[in-house]
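Protein chains: 2
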Amino acid sequence: MFATHCRLPSFTGVALGATLAVLSVASAMTDPLPSWNEGPTKAAIIAFVERVATEGSSDFVPLHERVAVFDNDGTLWVEQPVPAQVAFELACVSAVGNTHPDWEMTQPFKAALEGDTSYLAGIGERGFAEILVESHEGWDTDDYQTTLMSWMAGTRDARFGRPATDLVYQPMLEVIDYFRTNEFEIYIVSGNSADFMRPWVAAVYGMQPDHVIGSAITTRYEFIGGKPRLTRLPAMSMIGDGAGRPAGIYERIGRRPIAAFGNADIDFEMLQWTTTAPGPRLGVVIHHTDAQREYAYDRKTNFGLLDAVLDAAGPNGWLVVDMRNDWKTIFPFETQ
Amino acid sequence: MFATHCRLPSFTGVALGATLAVLSVASAMTDPLPSWNEGPTKAAIIAFVERVATEGSSDFVPLHERVAVFDNDGTLWVEQPVPAQVAFELACVSAVGNTHPDWEMTQPFKAALEGDTSYLAGIGERGFAEILVESHEGWDTDDYQTTLMSWMAGTRDARFGRPATDLVYQPMLEVIDYFRTNEFEIYIVSGNSADFMRPWVAAVYGMQPDHVIGSAITTRYEFIGGKPRLTRLPAMSMIGDGAGRPAGIYERIGRRPIAAFGNADIDFEMLQWTTTAPGPRLGVVIHHTDAQREYAYDRKTNFGLLDAVLDAAGPNGWLVVDMRNDWKTIFPFETQ
Numbered sequence: 001m002f003a004t005h006c007r008l009p010s011f012t013g014v015a016l017g018a019t020l021a022v023l024s025v026a027s028a029m030t031d032p033l034p035s036w037n038e039g040p041t042k043a044a045i046i047a048f049v050e051r052v053a054t055e056g057s058s059d060f061v062p063l064h065e066r067v068a069v070f071d072n073d074g075t076l077w078v079e080q081p082v083p084a085q086v087a088f089e090l091a092c093v094s095a096v097g098n099t100h101p102d103w104e105m106t107q108p109f110k111a112a113l114e115g116d117t118s119y120l121a122g123i124g125e126r127g128f129a130e131i132l133v134e135s136h137e138g139w140d141t142d143d144y145q146t147t148l149m150s151w152m153a154g155t156r157d158a159r160f161g162r163p164a165t166d167l168v169y170q171p172m173l174e175v176i177d178y179f180r181t182n183e184f185e186i187y188i189v190s191g192n193s194a195d196f197m198r199p200w201v202a203a204v205y206g207m208q209p210d211h212v213i214g215s216a217i218t219t220r221y222e223f224i225g226g227k228p229r230l231t232r233l234p235a236m237s238m239i240g241d242g243a244g245r246p247a248g249i250y251e252r253i254g255r256r257p258i259a260a261f262g263n264a265d266i267d268f269e270m271l272q273w274t275t276t277a278p279g280p281r282l283g284v285v286i287h288h289t290d291a292q293r294e295y296a297y298d299r300k301t302n303f304g305l306l307d308a309v310l311d312a313a314g315p316n317g318w319l320v321v322d323m324r325n326d327w328k329t330i331f332p333f334e335t336q
Numbered sequence: 001m002f003a004t005h006c007r008l009p010s011f012t013g014v015a016l017g018a019t020l021a022v023l024s025v026a027s028a029m030t031d032p033l034p035s036w037n038e039g040p041t042k043a044a045i046i047a048f049v050e051r052v053a054t055e056g057s058s059d060f061v062p063l064h065e066r067v068a069v070f071d072n073d074g075t076l077w078v079e080q081p082v083p084a085q086v087a088f089e090l091a092c093v094s095a096v097g098n099t100h101p102d103w104e105m106t107q108p109f110k111a112a113l114e115g116d117t118s119y120l121a122g123i124g125e126r127g128f129a130e131i132l133v134e135s136h137e138g139w140d141t142d143d144y145q146t147t148l149m150s151w152m153a154g155t156r157d158a159r160f161g162r163p164a165t166d167l168v169y170q171p172m173l174e175v176i177d178y179f180r181t182n183e184f185e186i187y188i189v190s191g192n193s194a195d196f197m198r199p200w201v202a203a204v205y206g207m208q209p210d211h212v213i214g215s216a217i218t219t220r221y222e223f224i225g226g227k228p229r230l231t232r233l234p235a236m237s238m239i240g241d242g243a244g245r246p247a248g249i250y251e252r253i254g255r256r257p258i259a260a261f262g263n264a265d266i267d268f269e270m271l272q273w274t275t276t277a278p279g280p281r282l283g284v285v286i287h288h289t290d291a292q293r294e295y296a297y298d299r300k301t302n303f304g305l306l307d308a309v310l311d312a313a314g315p316n317g318w319l320v321v322d323m324r325n326d327w328k329t330i331f332p333f334e335t336q
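Taken in sequence, the protein lines are chains A and B. For the first sequence, counting from 1, position 301 maps to 301 in my numbering; every step adds exactly one. For the second sequence, counting from 1, position 3 maps to 3 in my numbering; every step adds exactly one.
Some clues are possibly wrong.
To be verified - Here chain B is said to cover these stretches of chain A; the calculated rule only asks that three of the stretch's residues, wherever they fall, bring their Cβ under 8 Å from a Cβ of chain B: (1) 33-43; (2) 91-99; (3) 121-128; (4) 242-256; (5) 267-277.
To be verified - Okay, the calculated beta carbon distance ranges per label pair: (6) R220/A x N325/B: 35 to 41 Å; (7) G124/B x L233/A: 48 to 54 Å; (8) E50/A x G124/B: 39 to 45 Å; (9) P101/B x N316/A: 42 to 48 Å; (10) F333/A x E55/B: 30 to 36 Å; (11) E104/B x T146/A: 54 to 60 Å; (12) M105/A x E55/B: 55 to 61 Å; (13) N98/B x H64/A: 32 to 38 Å; (14) G226/B x L63/A: 53 to 59 Å; (15) Q292/B x A203/A: 49 to 55 Å; (16) G154/B x P62/A: 20 to 26 Å; (17) P62/A x Q336/B: 25 to 31 Å.
What the hints assert, rightly or not - Sample of chain B residues at the chain A side, in silico, Cβ under 8 Å: (18) H64; (19) P209; (20) A216; (21) T219; (22) A247.
It is worth saying that the hints were derived from the structure and are not from the lab. Every value quoted in this text rests on a predicted model; they were computed, and no experiment measured them. We put the beta carbon where it would ideally sit given N, CA and C, even for glycine.
Could you put together the complete structure from these sequences and hints?
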């Protein structure tokens, strides 16, 4: 079973990294956020960075406390019609489904086999974890990574005809680059499993793989036939619900961020924990308002529900990014 | 209970960071390891770094794969007569013992209250975790950190009359600095809880707090009276036994190191996983052979048992550092 575990069709890969070149250009320009339209949102982000990074400023924040966290799905890349990891797990379930005849009768596996994404949207992170741990059990971590990268490079989004790693938001790449230039430490905090993201974050976001804070499948170390092996077990440590994110960040980096970017109710506690403390704080909510260039959704959607956070943004002083009006460009490939 | 949780006596603190100045000097010198005596051990470490960091070398290793891991207790600092975290937890148990009358009758708490370290040495990591989670339950993470740093700065080692953070090994500070200069990413992998180490690793090792991979007490996020709070729960995710270390490293950074430094059997699997893969690999075992300047112990000791790893070093090609003969200096304060 090991050798053929979730063997997805092989793809001739598209090289990742096309976006990285764009990323580097941004920091060399006078305007650190050229894909943002002028207005109060852009001005507020720049004002925050200048306040905390300018020595002598009353709001100056020393380097080791200059930490910013970013949700991934819907904040840094497209999460509609289904988030990329959901699509990947559906492919995995299909690939190993013939060894699990019981799945045809049992939820949530039945829905996964049938690609019933509206059912899957309702099962929550724990239901999704159940699919993930069962379909990955026994998988070798090296083989997992090879399979993932092949799938990622070869799978095309139906609407845009591009791999998921192309569907990142150019304005957010500029924010990451701008924050990094001002010596922020940048972390991704996502309900996705960390090893789903680590293989490509360096190429796509210019980010160290260990700066991904996500859920994690538990592995077991074995030494078989003179070779070490880490095998995926049917158990998972999770970022969990929204309240799990501050705990996950603290467990991983031991500090409270001073800036947080999210787009959904699952980011509520992360935004709240980040912004309710003394000193300069920045909370940013990406509001998907652009059906023409990307998607428009908030209080009613299968993935990325934005309801309580939208109501809480005003009272908490969180910036709400109106994607349609605030972003001049959505994707890096528009400018190429 | 929250406000007085494990309130240890207040100390007028000794500033950490004295060692950092020493650290910086090393890299400016021609000899990257001046506190190491000339010989095959020092030569092998330097030869390894030069091979992997020299572009054009057949053993060149690209930046993002240049990862080195270090055990802490007994590898980077003194772990005798008891590791610092054990001493800290005994102080915590004493401080809150009057609220737990049952502890006087129940092991391992009875031993902790009585300071019976030879009993405690036998309870293993799980027994120790039991003490830790029960005595920390309900503690606010900010208060924990303040208390820890106050204890750390104010507590003196009985033999050397110095705080634990002074009892780091100068030759290993030079190794860390040398590896970092050659663009290695450096991680500490320890059975200590990560938040016991994070507050001081920047000052002592020049290391980012999030580069500590350790056990972690689970926390819960709450929002009470307009203030967010992370509270320590009676649960813990653990690095666990030796086989847990490769899994812990993979979960945290998603990569296999190419160099590992340890000093005890608990480091066996970490050394094995690091060194049994293609390409240049380095495994190093610190052997405590210097009773006069530090301690001499291996196959019989309460803490830091070195038995199977000592036998496996030869067959696996791991370097064994003979502390007495290989190290010119043991502690930074010797040179000040």
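Cross-check of the supplied hints:
Three residues within the 8 Å Cβ limit are the bar, and the region 33-43 of chain A against chain B gives 0, so the coverage statement is violated. Three residues within the 8 Å Cβ limit are the bar, and the region 91-99 of chain A against chain B gives 0, so the coverage statement is violated. Residue count for the region 121-128 of chain A with a Cβ under 8 Å from a Cβ of chain B: 0. That is fewer than the three needed, and the coverage hint is violated. For the region 242-256 of chain A, the stated coverage by chain B holds: 11 residues have a C-beta nearer than 8 Å to a C-beta of that chain, and at least 3 were required.
Restraint check on the region 267-277 of chain A versus chain B: 5 residues with Cβ-Cβ distances below 8 Å, three needed, restraint holds. The hinted range of 35 to 41 Å is satisfied by R220/A and N325/B, whose Cβ atoms lie roughly 39 Å apart. Our hint of 48 to 54 Å for G124/B and L233/A is violated, since their Cβ atoms are close to 22 Å apart. At about 52 Å, the beta-carbon gap between E50/A and G124/B misses the expected band of 39 to 45 Å.
A C-beta distance of roughly 44 Å is found between P101/B and N316/A, which places it inside the suggested range of 42 to 48 Å. At about 32 Å, the beta-carbon gap between F333/A and E55/B stays in the expected band of 30 to 36 Å. A hinted range of 54 to 60 Å holds for the C-beta pair E104/B and T146/A, which are about 56 Å apart. In this structure the supplied range 55 to 61 Å holds for M105/A paired with E55/B, their Cβ-Cβ distance being about 57 Å.
In this structure, N98/B and H64/A meet the distance hint of 32 to 38 Å, their C-beta atoms being roughly 37 Å apart. Distance hint check: the CB atoms of G226/B and L63/A are about 29 Å apart, inconsistent with the given range 53 to 59 Å. The given range of 49 to 55 Å is respected by Q292/B and A203/A, whose C-beta atoms sit roughly 53 Å from each other. Here the CB-CB span from G154/B to P62/A is close to 24 Å, well matched to the stated 20 to 26 Å.
Between P62/A and Q336/B the C-beta distance comes to about 27 Å, which sits within the given range of 25 to 31 Å. The restraint placing H64/B at the interface with chain A holds, with a minimum CB-CB distance near 6 Å, inside the 8 Å limit. A hinted interface residue such as P209/B counts as satisfied when its beta carbon comes closer than 8 Å to some beta carbon of chain A; here the least separation is about 5 Å, so the hint holds. Annotation: interface hint on A216/B holds; nearest CB of chain A at approximately 5 Å, less than 8 Å.
At a threshold of 8 Å, the smallest CB-CB gap from T219/B to chain A is about 5 Å, leaving the interface hint in force. At about 5 Å, the closest approach between the beta carbon of A247/B and any beta carbon in chain A falls short of 8 Å, and the interface hint on this residue holds.
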